[in-house]
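Asker: Given only the sequences and the hints, what does the whole structure look like? Please build it.
To convert, note that position 24 of the sequence shown is 445 in the numbering used here; the numbers rise steadily by one, no gaps.
Keep in mind that the hints are not guaranteed to be accurate.
Said to hold, decoys possible - Listed below are the simulated DSS-like cross-link pairs for lysine-lysine, each with C-alpha atoms no more than 27 Å apart in a straight line:
1) K459 to K537
2) K443 to K555
3) K512 to K477
4) K537 to K473
5) K459 to K477
6) K459 to K512
7) K555 to K537
8) K512 to K555
9) K451 to K476
10) K451 to K537
11) K443 to K473
12) K512 to K537
Unchecked claim - Have a look at the derived ranges for each label pair, beta carbon to beta carbon:
13) I479 to E448: 49 to 55 Å
14) S440 to Q482: 49 to 55 Å
15) Y471 to A538: 20 to 26 Å
16) E535 to S496: 19 to 25 Å
17) N543 to Q482: 28 to 34 Å
18) G495 to M557: 24 to 30 Å
19) R551 to K443: 21 to 27 Å
20) A439 to Q470: 37 to 43 Å
21) S440 to L552: 55 to 61 Å
22) R452 to S524: 37 to 43 Å
23) D478 to P505: 28 to 34 Å
24) L450 to D541: 49 to 55 Å
These aren't lab readings, by the way, just hints derived from the structure by calculation.
The C-beta atom is built at its ideal place from N, Cα and C for all residues, glycine as well.
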Amino acid sequence: MNCALLGKPHLTDHPYRASGGKMIHNETLKREIPEGWKGGTLEDVLTLQYGKALKKDIQVQGDYQVYGSGGIYGSHNVPLVQGPGIIVGRKGSVGELHWSNISFYPTDTSYYVEPKAGMDLNYAYFLLQRLPLKSMNSDSA
Numbered sequence: 422m423n424c425a426l427l428g429k430p431h432l433t434d435h436p437y438r439a440s441g442g443k444m445i446h447n448e449t450l451k452r453e454i455p456e457g458w459k460g461g462t463l464e465d466v467l468t469l470q471y472g473k474a475l476k477k478d479i480q481v482q483g484d485y486q487v488y489g490s491g492g493i494y495g496s497h498n499v500p501l502v503q504g505p506g507i508i509v510g511r512k513g514s515v516g517e518l519h520w521s522n523i524s525f526y527p528t529d530t531s532y533y534v535e536p537k538a539g540m541d542l543n544y545a546y547f548l549l550q551r552l553p554l555k556s557m558n559s560d561s562a
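Answerer: Structure below.
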């Protein structure tokens, strides 16, 4: 992905030009950004991890939602990921985003998000919503 303004800025005093905040030129982004912010890539703030296959013959109905790339399609008695969490479609519904407030089981048709230190999971969800993830589908019919 191209460099973009990432991270959660410290919102103290007046961070934006419109509110009198100091702006600095960022050579990588080739524009002015609020002082204290930096440019980076998505990989700097989160990791997309692969879900795991869950065959129907071992799936046991339970309290944890099972997510595929298109959303919830069942339940299981054991979660793969401790919630809350973000699920991203990987096959079929590439780039579809789903949020789970509770622990869940993402299958191998999806990714789940692991935020890196300092990245708020809620912020990561809204950041991912703004990216053109669906356009990254390289599958062909």
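Asker: Which of the numbered hints are not met once you compare them with the structure shown?
Answerer: Violated hints: 2, 5, 6, 9, 11, 21, 24; rest satisfied.
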